[in-house]
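Enquirer: Taken in sequence, the protein lines are chains A and B.
The opening position of the first sequence corresponds to residue 88 in the numbering used here, with each subsequent residue numbered one higher.
The opening position of the second sequence corresponds to residue 42 in the numbering used here, with each subsequent residue numbered one higher.
Derived by calculation from the structure, the hints in this document are not laboratory data.
No experiment lies behind these values; they were computed from the predicted model shown.
Yeah, the Cβ is synthetic: ideal placement off N, Cα and C, and Gly gets one too.
Heads up, incomplete: computed chain A residues facing chain B, CB under 10 Å, no partners named:
(1) Gly114
(2) Gln128
(3) Asp140
(4) Pro145
(5) Leu178
(6) Val182
Under 7 Å between C-beta atoms, here's a sample of chain A residues computed to sit facing chain B:
(7) Leu101
(8) Pro102
(9) Arg103
(10) Ala147
(11) Asp187
(12) Asp192
These are the residues of each chain, in order.
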Amino acid sequence: MTATTLPEAALGVLPRADGSARYSHAGYTVTASVNGPIEAQRRDEHAYEAHIDVIVRPAAGVGGTRERHLESILQSSLAQIILVKNFPRSLIQIVLQVEDSPENDYVNTKLVQASLNFAIMPALMQTAVLALLSAAVPMRATATATAVAIMHQDGAKQTVVDPHPRDIEKAQSVHVLAFTSHDELLLAESEGDFTVKEWDNVYETARGICCRSPPQAKEGMAMLLDDESTGGPDMRQFLRSTMGFKVAADLHWK
Amino acid sequence: MPREAEPSLNEKQFVIQALQENLRLDGRELDQYRPLELSFGDQYGLADVKLGKTRVLAKATAEVTVPYTDRPLDGIFTIATELGPMTSPAFEVNRPTETEVLLSRLLEKTVRRSGALDTESLCLVAGQKCWSVRVDVHVLSHDGNLIDASCLAVVAALRHFRKPDTSMEAGVLTVYTPAEREPVPLSWLHSPFCVTWSFFGEEGEIAVLDATWIEEQVRVGSCTVSLNKHGEICQIAKLGGTPVEAVALLQCVSVSLTKVKEFSDLLDRKLAEDLKRRDKGGFMAELRAENDR
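If we strip away everything but chain A, and leave its shape as in the complex, we get (with noise of 0.2 Å):
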């Protein structure tokens, strides 16, 4: 379990769902499914415009208040991309279960209050999105995620992409970061102390795994050279390759 491992994504999982994902990268493995547009509640019924119910269920223990707050982030960022006022009257609902979460071995953890941690965030999000794609709820945009720790290490400051629970204790601050497919900022949550010019780095960091732009046409040797000077994955190439296997798979017959 190591933090530079590939993002992975299967799509279309669950056979019941009308949309379903299941997403792993650095440790978190999450499976999301979605249902929607269905019938909503008379109580959470919205003249205007679709609700948008976002739960998300720990792997152990019962869900608490950072599980609901991490919901409320979700919603609200989720209900921007998706085009809610599409579907008056109706209810698009997003359940997203933990199924792993990569764990610090230096502490025990108390386990039967579920304690999510802030990092699992990014996985959320692009599970999500993905399990939305594969119900294909209209979007406005789609949206990639990252986390993003500022530590202090050998005196210097240093940005750590997609933090372990060991480096998240350790850290100063930990950012979550999310753009839309127009490299728009859609999220942005941060934790602990930083300045305004370190939060401008972890901007710049985060955009560069986000928002990078696809790979001109180059010559071969130039673009091997250049995917190894960026760091971290490259998360709208990844999300737009998962959708394109995922499309060609289904149109094989044609």
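Position chain B against the provided structure of chain A, taking the given hints into account.
Expert: Showing chain B alone in chain A's frame:
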């Protein structure tokens, strides 16, 4: 939330008539299970069971707590079942349905009451400290026969699980982190498995194993037998439905035993494979802190 659509009259009659001609919609034999897949996660105590389109995830965890005052020498062992909206939008959060209550009761009876996990071994300091072992069962997709799949997932998760090692020195309890000492397995006594029979026909004369969702909706009764590979029966539950002949039930139990032996073999094989996968460099034997029994 929308209610789940019932199968139409035509669908129901089609399934029943096919069963009367010894045929099933997916071409299986009457006493044949769907392909069963079992896999473990990166962490200890995570089991993923796929039975056809039914998928169940079980996660075992442990923490140190205070034992119940009426049972000072026993640890705590709970099984939490949840059928969330992921299973079907008809299930609501925090509102257990009848299916969920029946499922958790059956699991409780099979795994907990049969003494599969030795709860006395979970006690650390009598009346003060004990392990609380909790298994969370998440049903990801429901295509019939939840009981058998969940039971297998729970047993697999518990057998795969390792709890942190502890030591007592001069009345001080130390719980070692996984980095300090390799975690130790639970003291496991036997592995019970559930086998669910569904009965069809006017008098319940057709007995079918591993019913799918549509078959479950048209059956006239069902019976769950829990037993281990030695043929020791932990419980038999036949909750209502059409009465079934005792001789037919005996026949069912003897077939169940062969199925349970298959489950048991599969679980043993998968656990051995997983152990081999984790044992990189062959240091596991030296790292182990437990004594051989």
